[in-house]
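Make a model of the complete structure from these sequences and hints.
Protein chains: 2
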Amino acid sequence: MTDGQVAPPPRLLMGPGPINVDPRVLRAMSAQLVGQFDPSMTTYMQETAELYRQVFRTANEATVLVDGTARAGVEAALVSLLRPGDRVVVPSFGRFGLLLREIAERCGAAVTTVEVPWGEVVPLDQIEAVVAEVEPKVVAVVHGDTSTTMLQPLDGLGDLCHRYGALLYADVTASLGGNPFEMDAWGLDAASAGLQKCLGGPPGSAPVSLSAAAVEVIDGRRSIEAGIADGGDETLAADARIRSNYLDLGMILDYWGPRRLNHHTEATSMLFAARECARLLLDEGIDTAVDRHRRHGAAMAAGLWALGLDLFGDPAHRMANVVAARIPDGVDGEAVRAELLARFGIEIGTSFGPLHGQVWRVGTMGYNARADAVLTTLAALEQVLRRAGVAVPPGAGVDAAVTVLDEDDGPGTP
Amino acid sequence: MTDGQVAPPPRLLMGPGPINVDPRVLRAMSAQLVGQFDPSMTTYMQETAELYRQVFRTANEATVLVDGTARAGVEAALVSLLRPGDRVVVPSFGRFGLLLREIAERCGAAVTTVEVPWGEVVPLDQIEAVVAEVEPKVVAVVHGDTSTTMLQPLDGLGDLCHRYGALLYADVTASLGGNPFEMDAWGLDAASAGLQKCLGGPPGSAPVSLSAAAVEVIDGRRSIEAGIADGGDETLAADARIRSNYLDLGMILDYWGPRRLNHHTEATSMLFAARECARLLLDEGIDTAVDRHRRHGAAMAAGLWALGLDLFGDPAHRMANVVAARIPDGVDGEAVRAELLARFGIEIGTSFGPLHGQVWRVGTMGYNARADAVLTTLAALEQVLRRAGVAVPPGAGVDAAVTVLDEDDGPGTP
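Going down the list, the sequences are from chains U and D. Quick note: the first sequence uses my numbering, first residue 1, plus one each step. Quick note: the second sequence uses my numbering, first residue 1, plus one each step.
In short, the hints are calculated from the structure, not lab data. It is possible that part of the hints are untrue.
Every beta carbon over 10 Å from chain D, so not counted as near; a handful from chain U, in silico [what the hints assert, rightly or not]:
no., residue
1, Arg163
2, Glu266
3, Arg279
4, Gly285
5, His317
6, Arg326
7, Ala335
8, Gly353
9, Leu375
Now the in silico label distances, taken between C-beta atoms and shown as ranges [unchecked claim]:
no., chain 1, residue 1, chain 2, residue 2, range
10, D, Ala237, U, Glu133, 26 to 34 Å
11, U, Gly389, D, Leu261, 25 to 33 Å
12, U, Phe37, D, Gly330, 57 to 65 Å
13, U, Gly156, D, Gly85, 55 to 63 Å
14, U, Ala237, D, Glu407, 57 to 65 Å
15, U, Ala237, D, Gly85, 43 to 51 Å
16, D, Gln46, U, Glu115, 36 to 44 Å
Since the structure is predicted, the reported quantities are computational estimates derived from the model, not experimental observations. Even glycine gets a Cβ: it sits at the ideal position worked out from N, Cα and C.
Structure follows, in structure tokens:
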């Protein structure tokens with residue numbers, strides 16, 4: 001590579017994300033810009049909000065994009081809801097639970113975590129015990145945590161939180177579109193996502209949705225920028241003011257809503273990307289897409305198992321779109337990843353924290369939740385494992401995956 | 001427009017930005033993704049940092065992109081430098097000065113503004129008097145404020161700040177690439193920008209550069225995320241911790257630097273866009289690009305004047321790339337803008353605050369700092385003004401602009 005025209009090497013991205021972008025999304029991003037208050041632009045924003053209502057399965061009017069990567073959406077939700085001193089409960093089962101704690105702490109909140117070992121999810125009764133004791137304003141939880149590949153059950157958690165007067169926020173970045181998710185039916189008050197996992201887009205835009213109850217909290221903190229205000233907002237108490245301007249969801253709602261108050265300049269190309277990601281999902285059908293992730297994820301898991309790799313974490317609560325396989329004893333996990341990338345152009349993921357050096361994380365999501373991607377990855381990994389000195393049964397990985405894909409008779413792994 | 005494939009109407013964007021994206025940048029954004037720690041990706045990040053060192057005219061190692069629109073870069077700089085209670089002086093001459101005040105206040109800083117009427121810039125001696133009295137940690141100023149079209153002189157301000165022990169931050173979003181700018185020669189400690197003005201890109205990525213002195217301030221506030229840390233960072237005092245995780249430049253530097261500590265997932269498509277914007281500017285040559293903006297901006301200003309429109313603001317301190325023209329008495333400014341957009345596909349800008357309803361703002365920047373864009377805009381505006389009942393001298397706007405472009409004999413306006 002030189003510093004000439006951008007020319008990334010061809011890669012099959014089978015890690016925990018980002019993954020290859022669907023070509024339809026790349027084409028959408030190559031559209032020319034219009035002005036930020038052009039009638040076509042505001043229509044695109046309205047359409048995109050409506051598309052994400054369908055994606056989140058919500059009737060929430062307050063559905064917008066935050067212009068940043070997934071963690072910008074997380075922080076926007078938390079900094080907009082939390083005042084300094086507010087109590088928050090974070091059920092935590094991996095790296096991204098720790099991130100929720102950290103972001104909430106930086107908002108000045110008093111955070112209580114409910115932790116379980118990596119590889120498990122947090123039982124609802126354990127969450128309830130802590131919520132009953134702490135009486136938090138917000139319960140913040142990750143849905144699918146790619147660091148452990150676990151999928152936290154959320155059904156029932158909304159009701160639980162509401163019984164104790166708490167709002168429920170979930171980070172659904174890694175799960176949305178590839179695992180069942182029901183914002184309204186499960187009683188969520190806030191959710192945020194990203195494009196670069198099951199939605200098949202690039203990182204850089206964070207869909208966020210808020211319930212009426214969440215908007216009510218934010219309404220008590222709304223202000224208007226001095227440079228565009230008619231009057232003053234000086235009456236807002238100091239601790240009511242949202243600590244961020246860029247991530248102030250009250251202002252972002254005023255920009256996306258009928259008032260169209262100027263805030264940031266909407267990242268038009270990323271809006272076009274987000275819109276196309278939603279159209280892809282809804283064209284396929286959410287249930288069909290979720291089932292596609294289930295089948296191809298199961299095929300990948302079966303293939304890895306058949307190659308002799310143990311799978312990590314509670315099988316009852318694995319995400320459909322990413323699986324962690326234990327690195328065999330005596331094998332240099334990073335060397336295997338490097339050879340897979342260098343010789344086959346295939347990327348699988350490393351891992352963090354307590355799992356660092358213990359597992360590879362293999363994704364099957366979005367545009368790459370496809371049979372050829374699964375089988376190519378397994379075939380190449382078999383070769384690289386053998387070259388690394390592992391006794392691999394020839395063809396076993398691909399055979400096992402083909403069996404799952406052809407018969408679709410369940411996850412196929414113990 | 002339907003809710004089918006994205007198909008924005010053709011527009012010539014001659015407002016204060018965003019403007020039309022250079023086709024080379026759109027092509028760069030259509031490149032497929034690679035993994036975020038792929039050797040090609042980290043090379044692209046290093047190259048992009050080096051390109052922006054040249055764009056900012058700095059030797060600052062700490063030069064990165066913040067994944068958000070221009071105001072994300074502003075907030076990243078301020079929230080990373082300012083602890084609650086820190087004193088800040090903001091010389092303010094328009095909406096974006098007010099925004100600096102607001103963002104600094106949300107960081108918990110004690111802000112003193114030095115305000116002048118819209119249409120003027122802030123004299124250095126006036127800034128010095130306040131800095132001497134307040135002894136701030138940071139002086140934060142906008143370089144070119146599109147709300148007034150004024151360009152604040154920065155040469156000399158760095159030395160002034162340093163004499164009083166203050167750091168100098170400037171928001172150069174609207175000016176960079178179209179007006180002279182010298183980060184190191186002018187002694188800036190922090191600067192942030194966006195792509196959607198003179199750089200010819202889409203909004204959504206914010207180049208930021210920090211001097212060694214600014215990095216030293218941030219070094220005293222660095223922390224590592226719990227999910228990826230080896231040890232703890234629990235010794236950091238509560239008020240030292242940066243209030244944002246997403247906009248924590250210490251963490252972003254650790255991600256872009258040799259440690260490559262995972263933070264957000266870099267918005268790859270926007271990185272490709274930012275890289276191509278810098279390449280476009282450097283291929284043309286910064287001085288050549290600045291001169292192109294001067295010439296075409298002068299032609300536009302001369303054309304508007306010749307159409308009978310008074311120009312707003314101190315002529316000695318106008319930005320090269322955007323000019324404000326007074327709406328003639330009795331003319332509905334928004335109706336003129338709407339007809340120009342609907343019948344000619346040309347967008348010019350409205351205005352904010354005290355100038356709302358008083359002026360149109362006409363941009364000549366980035367990809368659109370071209371003769372055909374200037375002349376087409378003037379020809380169309382002449383027609384629309386005439387249809388609105390204004391007595392416009394036929395052809396005078398285009399003639400005046402052609403004269404400036406052909407002779408290049410100065411700004412051509414009183």
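Status of the hints after comparison with the structure:
no. : hint                             : result
1   : Arg163                           : 30 Å, holds
2   : Glu266                           : 7 Å, violated
3   : Arg279                           : 8 Å, violated
4   : Gly285                           : 16 Å, holds
5   : His317                           : 19 Å, holds
6   : Arg326                           : 20 Å, holds
7   : Ala335                           : 15 Å, holds
8   : Gly353                           : 5 Å, violated
9   : Leu375                           : 20 Å, holds
10  : Ala237/D to Glu133/U: 26 to 34 Å : 29 Å, holds
11  : Gly389/U to Leu261/D: 25 to 33 Å : 31 Å, holds
12  : Phe37/U to Gly330/D: 57 to 65 Å  : 24 Å, violated
13  : Gly156/U to Gly85/D: 55 to 63 Å  : 44 Å, violated
14  : Ala237/U to Glu407/D: 57 to 65 Å : 60 Å, holds
15  : Ala237/U to Gly85/D: 43 to 51 Å  : 18 Å, violated
16  : Gln46/D to Glu115/U: 36 to 44 Å  : 37 Å, holds
Comparing the model with each numbered hint stated earlier shows that hints 2, 3, 8, 12, 13 and 15 do not hold.
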